[in-house]
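Enquirer: In case you want the letters, here they are:
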Amino acid sequence: MRSRDGARLRRWSGDLGGAVLAFVLEVGIVIGLVVAALVVAALVIAAT
Amino acid sequence: MLIRPEREDFRIVGFALGRIFTVVAAASCLPLVWAVLGREWHPFASFLLMIGVFAFLGQLGLRYRPANERLDWSHGMVVVALTWLVVPAIGSIPFIFSGHYGGPVDAAFDAMSGLSTTGLALVQDLDHMAPSLNFWRHLLHFLGGQGIIIAALVLFAGGGGLTLYYGEARDDRILPSVRSTARFIWAVALVHLVAGVVVLGVIAHQVLGFEWKRAFFHGLMIFFAGFDTGGFAPQSTSLGYYHSAIFEFATTVIMVAGAMSFGLHYALWRGPRRSLFKNLETRMILATVAGTMLLTMIGLGVAGIYTSVPGLTRQGFFQVMSAHTGTGFATVPSTELATWGGLAFAGIVVAMALGGMASSTAGGIKALRVGLIVKSVVAQTKQLLLPEGAVVSTQYFQSGRKRLTPELAQSAMTIALLYVALFLLGAGVALGYGYGFQEAIFESVSAGASVGLSVGVTEPAMPMLMKLTYMVQMWAGRLEFVAVFALLGFIYAWVRGK
Chain A
8 MRSRDGARLR
18 RWSGDLGGAV
28 LAFVLEVGIV
38 IGLVVAALVV
48 AALVIAAT
Chain V
189 MLIRPEREDF
199 RIVGFALGRI
209 FTVVAAASCL
219 PLVWAVLGRE
229 WHPFASFLLM
239 IGVFAFLGQL
249 GLRYRPANER
259 LDWSHGMVVV
269 ALTWLVVPAI
279 GSIPFIFSGH
289 YGGPVDAAFD
299 AMSGLSTTGL
309 ALVQDLDHMA
319 PSLNFWRHLL
329 HFLGGQGIII
339 AALVLFAGGG
349 GLTLYYGEAR
359 DDRILPSVRS
369 TARFIWAVAL
379 VHLVAGVVVL
389 GVIAHQVLGF
399 EWKRAFFHGL
409 MIFFAGFDTG
419 GFAPQSTSLG
429 YYHSAIFEFA
439 TTVIMVAGAM
449 SFGLHYALWR
459 GPRRSLFKNL
469 ETRMILATVA
479 GTMLLTMIGL
489 GVAGIYTSVP
499 GLTRQGFFQV
509 MSAHTGTGFA
519 TVPSTELATW
529 GGLAFAGIVV
539 AMALGGMASS
549 TAGGIKALRV
559 GLIVKSVVAQ
569 TKQLLLPEGA
579 VVSTQYFQSG
589 RKRLTPELAQ
599 SAMTIALLYV
609 ALFLLGAGVA
619 LGYGYGFQEA
629 IFESVSAGAS
639 VGLSVGVTEP
649 AMPMLMKLTY
659 MVQMWAGRLE
669 FVAVFALLGF
679 IYAWVRGK
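Line order of the protein sequences matches chains A and V. Taken in order, the first sequence gives residues 8 to 55; the numbers are from my numbering. Taken in order, the second sequence gives residues 189 to 686; the numbers are from my numbering.
Think of the hints as simulated: they come from the structure by calculation, not from any bench. Positions of the beta carbon are idealized from the N, C-alpha and C atoms, including for glycine. Warning: the hint list may mix true and false statements.
[Stated by the list, open to error] Between beta-carbon pairs, the in silico distance windows are:
{"no.": "1", "chain 1": "A", "residue 1": "L50", "chain 2": "V", "residue 2": "T523", "range": "27 to 33 Å"}
{"no.": "2", "chain 1": "A", "residue 1": "G35", "chain 2": "V", "residue 2": "L218", "range": "31 to 37 Å"}
{"no.": "3", "chain 1": "A", "residue 1": "G39", "chain 2": "V", "residue 2": "G530", "range": "25 to 31 Å"}
{"no.": "4", "chain 1": "A", "residue 1": "T55", "chain 2": "V", "residue 2": "H316", "range": "40 to 46 Å"}
Full structure from sequences and hints, please.
Expert: Shown next as structure tokens:
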């Protein structure tokens, strides 16, 4: 019983770590896209 | 020769529908509680009526238990197609009695738009709608995006649950059992719900100056519509209401999370995490987002609509992300969006048509299919250039390394072609009513790809046939055709079969 609870706890903590990593990555993807959009916008404005 | 469905077939379908309607009746209690807490007695009565109808139909289906409950492929598809027709019809009851709609068709349009996570709306005077009704509109997004049937599977997966899962346009089973996959999908949604609502609520309170209750109400509504790539908003001016770049940024993160496949969420949560970057869909969607953003920004720059770097970045970026993820939030009014001609128009329409990832809450052709089609074209070109008899084997990565078979490529192309046909259908009807080509194609792609961006065509005064056409587009587009064809075949077999 105790080992089963331990395994569940490990899985939950693993999931929590994964979820935090997922959030960081999602934010990172959007920051990357914003930076790319800024560069494109600057080039477009400069060219037009 | 088609075999006419027997009474037992109807019992199997009815029993499965009974289970699903019972789950929907339970979910519909949430806006009822909201109405009680807000002392909104008029919506309360209409929610009670709606729950009663769902519960009655649920019990009716469960009353006639079939000898064998196991759903085969065609039963499952018919159940899915009917669920996605009946739930919006009954779910529109509170809208019909709200006084915010021109009639039952307008109310059903919004319910279908909500459930299919499209976001086109015929609601009138949205800014004065009772919060419980607004909550119901957005909850429809959540139920539809996560999948009503996924909800039912969590509670009671019986035999044949897999066919229901695939019928709701999900391609990959993440875990060995459908039930555990369904649980994982809901776990991802609930974790994002808590984080998303807290972030949006805090921004609304600290930056926008909303009082706490109002801040979290808006946070919850925008989360439902953003994560489930829906596009309804609590205010008629959509995300433009908030006039906040940080709020738009946080919403974009939520839209991106919603447009990611649950297979990728699984890889991030439980590994292997490197598969994210090897994934065909990840590479494809980054390429198409970059391409459509470039197209849109060049178009806006050339047209001189935005003359500053921050202005062009903010409007171009947000609208492309909203279109590509299939969400449909807008930070510019539909009248202004209608002036985005040329390349900017093309960029947004292509982004809407391509959509998000397979097995996500987004609509459209999907990045996986686009990737498979591109790989298939490359393989066939290689084949032409190589000596006769040479064999070209193409592989791709999606939840593991897989071989691109001719059947898979053909299936991707067929669905993509059906989407194009669906887009042309809606555009053709609008053209028939005298709308311009640009606005006809924009609105049709928006409806068929479950996006919700509008250039002003969708309004209460538009012709009835266009409302019905867009509803069919939303239904067929969300279910990715297979379940719809199965239902039509089932009806045909019932009428003409032997």
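Enquirer: Tell me the numbers of any earlier hints that the structure contravenes, in ascending order.
Expert: Every hint satisfied by this model.
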